[in-house]
Amino acid sequence: MRLGAIGCLIAGLAAATAPVLFRNVAKESGIDFKLVSGGPEKHYIAESMTGGVALFDYNNDGLIDIYLVNGSTIEGERSGNNTAEDRLYRNNGDGTFTDVTHEAGLGDRRWTMGVAIADVNNDGYDDIYITNYGANRLYLNNGDGTFRDFSKESHTDISGWSSGAAFADFDGDGLVDLYVSSYLDVDILNLPKTGLLCRYRDIPVQCGPRGLTPGHGHLFKNLGGGRFQDVTAASGIGAAPPSYGLGVAWADVDNDGRPDLFVANDSLPNYLFHNDGNGKFTETALAAGVALRSDGREQAGMGVDFGDYDNDGNLDLILTTFSDDYKTLFHNDGTGHFEDVSSPAGLVRPTWNLLGWGVQFVDLNNDGYQDIVMANGHVYPEVDQHSFETTYRQHPMVLMNDGNGHFKDASASAGPAFQLAESSRGLATASLSNNGFMDIVISNLDAQPWIIKNPGSGGNWLLLKLRGTVSNRDAIGARVTVKTGKLSQLREVKSGGSYQSHSDFRLHFGLAAAQSVDEIKIRWPSGKQQMVKNVKVNQILTIEEPK
Amino acid sequence: MRFTGPGRMAAWVLIAASATCAAEDTQNFEVILKRAQQDRLAGRNDQALDELRTLLTNLSRHPELRALALDAKRETAACLESLAAEQPKDAFVQYQLGVVYRELGDNRRAALNLQNAVKGGFRNLGAQVNLIEAAFDSRQSALALETAKDVISPSLRSVDVLLRLGRLLFDHLFYKEALQAFQLAHQAAPDAFEPRFRMALTHFLLKEYADTIAALGAALEPVRDLDSNPEAASLDASAEAQSGHSDTAISLLRRAIERSPRSPHGYINLALIELDMGNTGEAEKLLDQLRSLPVQQDAKVFYAVKRNSCRDLANNLDHGGAPAHPSGGAAEFYYQLALQLQQRFHYASAIELLRLAQREEGSTARVLYVAGTSCLNLDAQAAEPVQLLRAAIARDPKFDKAFYMLGRAYARRGDLDGALEAYQEAARIHPDPSYLVSLGRALAKAAPDRAMAAYEQALALDPSDAEAHMELGRLLVQTKDLSKAQTELEKTLALEPDYYEADYLLGRLFYQTGNQEQSRAYMASFEEKKSALMEQSVIGSGFIFGGQ
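Those protein sequences? They're chains A and B, same order as listed.
The numbering used here numbers the first residue of the first sequence as 1076 and each following residue consecutively.
The numbering used here numbers the first residue of the second sequence as 4 and each following residue consecutively.
Hints may be right or wrong, so weigh each one.
To be verified - The calculated EDC-like cross-link candidates involving lysine to aspartate or glutamate, where the alpha carbons are at most 20 Å apart (straight line), are:
1. B:Lys483 x A:Asp1329
2. B:Lys483 x B:Glu530
3. B:Lys483 x A:Asp1387
Calculated directly from the structure, the hints in this document are not laboratory data.
Construct all of the structure, not just a fragment, from the sequences and the given hints.
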């Protein structure tokens, strides 16, 4: 073995074991935001489910901005007088953010659940789609720092209780399409209240979702110009029964070049809609092994992310679930068939007592192996009055990847940010300071968000921004493999995912001690293949699709 | 009662007879049987069947010739199989085959043939009821339930059949469907007591207490006539108590006891209510009286204690020595009663009796074990089950069942290392198939070879252990030995057709091998069975069994 390679190996190991101390810098950031979500007692299920976060560059200044959804109260809905607004914060580049909500023409006051981002009209500026209880909204970016409400014209302003949303170009026409999951088909002003009817470990709690009518997701095909057509029935997606849909993520699970769609369902089997081509989908979750956990039991699926945690070239899946259950890691064998490997991967014990929501695969120490970070928090404040070995407010969790398919709970030693406890929900990641180390933003019910800064001790890195020309502008669905020595890492550009949230489009690669990138292979959504060789490390590189 | 349809065959009615059979007659019967066999082999099935029919009628008068009668039935089955092969669409032949196989005790085949008969158009009540019974007897509950749902309708007016179906469904924990049958029986015979009582009991188990009282109210008219039926009176009172009307319940039960002092039902239910209210002294007096009755084992327990005293019991673990398995007196009575309550899913009630046993005999291993198991079923995530089971083991380090249940408790809390250790110890002390299967499950991901060895050992001890076949099949899917996995999973379904997890894994297996049609078929079967058995599984199999 050459000395250089040994050096890489040792440095890589050192990078993997060095503690990474995270801090919450929300106060210093200037963000003053409280996520409103009903009353503190959480008598109704509607009060427990909001909390999307989006990290994206709305003004193309190269800095990642923050969008935080906001909820409402039952009284606010009843009176029609909700004052809590969704907010957009511009990244000033110096660690601070400025509230530009009104300046940008935003500030939705509905009971917003989640957010997804994409450039729906390929004009080079990212647009915002928010899911509400009530009509969803599509805000088109005017390109001058402002947005206009294009909801009606887009025909995506469906009513009801929408939850997760994610964009992908399912038919390969260069325009991103949209899937929106739905949680319940109910009137939130007539939800059953905490009382004798609904119990958790024999204590009365809020009701649902079981016993309430599940919702029906929608698939919208992009017709161009920001206009969409509901193709739920025509695509075959409508054939799946209504479910308690939450987290949504697109990924090409069987490496056939077409994005497939995963929907995490609460208390019901999950869905995996295989993209058959020609605009058709077939629901295959049971056969593919991702509908249920390994013993055949349904879980309360909340948040979801795809990522190649073992660098074998296939996208694996992480799912967050309820407390008294493990958070599930599904390993992809490359054919779209998955195995629940939560137990051998070491996820069972550490995650058992936590109720997980937002989740991401992200390489936090830049050692070349994606770790897992989760936002947690219970739905029942009542658990604090009993010795249930779980609490209402919970700390976020970081599971560090040891490079051998195992994860270790490093939360206790990950710094003060991971000792904080709230009832957290959405989670998104981005390098907010563009230093190549991934930060985490987490929303918290009835509290301030956390901006968790990565202190940046670790290996080298590469941030890739892809720009589609034939493909959709954001290159959503583009598949990139980065090789450094023997290490080969796979990422896909994605929109949405986690829990009703959206992370930075730029693809992040931790490169450990590698001094250069041997090769970057890109499979664009259009099908075009591109190779770039001998790339410098520690840079943000923009690559445009060859025309 | 046998059901026959129109057509060629006469009813096979068994008539008890006391006449003994002369040797000559026996020889004649054997000759007829042989002749029938020869006719069948020569293709003269109708003739053979006629002979067999006559033979069986004659043999029915000679119960001492049971073995010969069985031979005759086997021969009948063989004839009918030949006919079925010639006329595969003849639903009536399928029906007759089904009935014969029922008589021969081969309920799987019976269910298959009866299902063919019903699908083929032979949808008379006899065929459907026989199908339901055969399906339940061959552990095909989903099939039985689906058929029962087709049969039970307002057009079915036979009270006997409705009650029979209702009881079958009830015994298999399909309470909603059982209730429907009982309600229809009540409509068909409004004055009959049993449909009303069964309705009331089913409402009670569905926690519909107001409906329980309403159904019983009419049954016990003119004014809740408790003299007529202390069991019904106890059910009535228990429904009042579960609805929060404790005073009414107590008054009703005291009256029931007064009027029927030899009936155990009032004592046990009132004792449980008193325990729930914290009136231990009162409860002990009633239990003492119950103990003195000769028919205490027949006591019908309706009332379910609401309080969870697991913590109290765990906090009272004494540190003094006590014999591992004491005997005699009140302690034994309380302990045995607790065991019975646990076996009937009355876990909180069992804990109350165990607290009394604990007072009498101390925190013995057996008390702690049953308590730990009951607490585990009450709340698997609580700390007390582990605490109690560990305490049981401390008092009896060779208590293999306690180690096993401790493993289950750890597994339910996500502590797989703890579960593994406990299962290993259980299996080391006593290599029971269920311990070995659980051990295998705990080892499966991390050490598949050792898991395989555990499953194989379980199957060596009991080749008909469906769970062992199932887990071995799952492991083989994991290790990609798909052909062997298929064999094991198919064996699982052959042993336990309701084991829908095997359908699920077969569905995934065939998906992996590219056989989409088979995959879809198994997945459809999985979803159908799971959906049908969902209610049953919520009530029944979610519980973690234990007990001596």
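Hint by hint, here is what the structure shows:
Of the pairs offered as hints, the one joining Lys483 (chain B) and Asp1329 (chain A) holds, with about 19 Å between alpha carbons and a cut-off of 20 Å not exceeded. Of the supplied pair hints, the one linking Lys483 (chain B) and Glu530 (chain B) is violated, its CA atoms being roughly 24 Å apart against a limit of 20 Å. With a C-alpha separation of about 18 Å, the suggested pairing of Lys483 (chain B) with Asp1387 (chain A) holds against the 20 Å cut-off.
Checked against the numbered hints given earlier, the structure breaks only hint 2 and satisfies all the rest.
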